[in-house]
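Participant: Work out the full structure, taking the sequences as your base and the hints as a guide.
Quick note: the sequence shown uses the working numbering, first residue 26, plus one each step.
There's no promise every hint is true.
Keeping only pairs whose Cα atoms sit at most 30 Å apart, straight-line, the calculated DSSO-like set for lysine-lysine is [unchecked claim]:
id, residue 1, residue 2
1, Lys141, Lys191
2, Lys226, Lys115
3, Lys116, Lys152
4, Lys152, Lys141
Everything labelled a hint here was simulated from the structure, so no lab data went into it.
All values reported here derive from a predicted model rather than from experimental measurement.
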Amino acid sequence: MKKHFIFLACSLFLLLCPALGHTADRKLPGQSTLRNVAVMPFLLGGSNSRQEKALEKTLDCQLRGLCYLEEALQPGAEQTLTGLVQTELKKHFNEKVVPRPQVESAYSLLYRGEEKTPRDLAVELGKDLDADYVMVGLVWRYQERRGSGAGVESPASVAFSLFLVKVENGALSWKATFDKTQTSLSENLFDAPMFFRKGMKWLTAEELAAYGVGRLIPDMPL
26 MKKHFIFLAC SLFLLLCPAL GHTADRKLPG QSTLRNVAVM PFLLGGSNSR
76 QEKALEKTLD CQLRGLCYLE EALQPGAEQT LTGLVQTELK KHFNEKVVPR
126 PQVESAYSLL YRGEEKTPRD LAVELGKDLD ADYVMVGLVW RYQERRGSGA
176 GVESPASVAF SLFLVKVENG ALSWKATFDK TQTSLSENLF DAPMFFRKGM
226 KWLTAEELAA YGVGRLIPDM PL
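Facilitator: Written out as structure tokens, the structure is:
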């Protein structure tokens, strides 16, 4: 009887509970007039992005001010997240997403002095690519699990922010953040949606990040 009750409770959470660990602007109604969107390579760090109210300030922080703790970021985290966002956007916008090699080629030619801001880079990159919008990503935590899918000494932990910048005027059209450390289902029933959708296991950092990206992107106002 007890096990049956737990199963029913978890099922109810899966169906009715809003996703936790992320915040995003609401999606706006209306048909999309988007021509194309580019994903700028993720940037590392930025303590201000830990709080939703400071997200836009981070977008205008000079690159010299984007600091991070090396122990909080697994090597290659920015490349992994760039790829995940690119893939998720293609699911929704198909050929309207500028190919990653084309973006990386244009990005490599940009002047990225320490006085530049993420918004500056997004606008310059978008103009070079003739893009309507540029997605800016910033990751400040990406820690791999210690253990396996069956059990862990410490779970995966991922935190990142997304900013959708309109190239024409540099306006911030949408912002979102994901900040999650996986917990066991017995510790937090609110993790039931993630627990069941990802196969009832302890996730890798990439799997947790992919879950976060998949929760945020559908809320974009495009």
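Participant: All hints are to be evaluated individually against the structure, with a verdict given for each.
Facilitator: Taking the hints in turn, this is what the structure says about them:
1. Lys141 <-> Lys191: Answer holds: Lys141 to Lys191 is near 17 Å, not above 30 Å.
2. Lys226 <-> Lys115: Distance of about 27 Å is within 30 Å: holds.
3. Lys116 <-> Lys152: 24 Å, holds
4. Lys152 <-> Lys141: 16 Å, holds
When the structure is compared with the earlier hints, no violation turns up for any of them.
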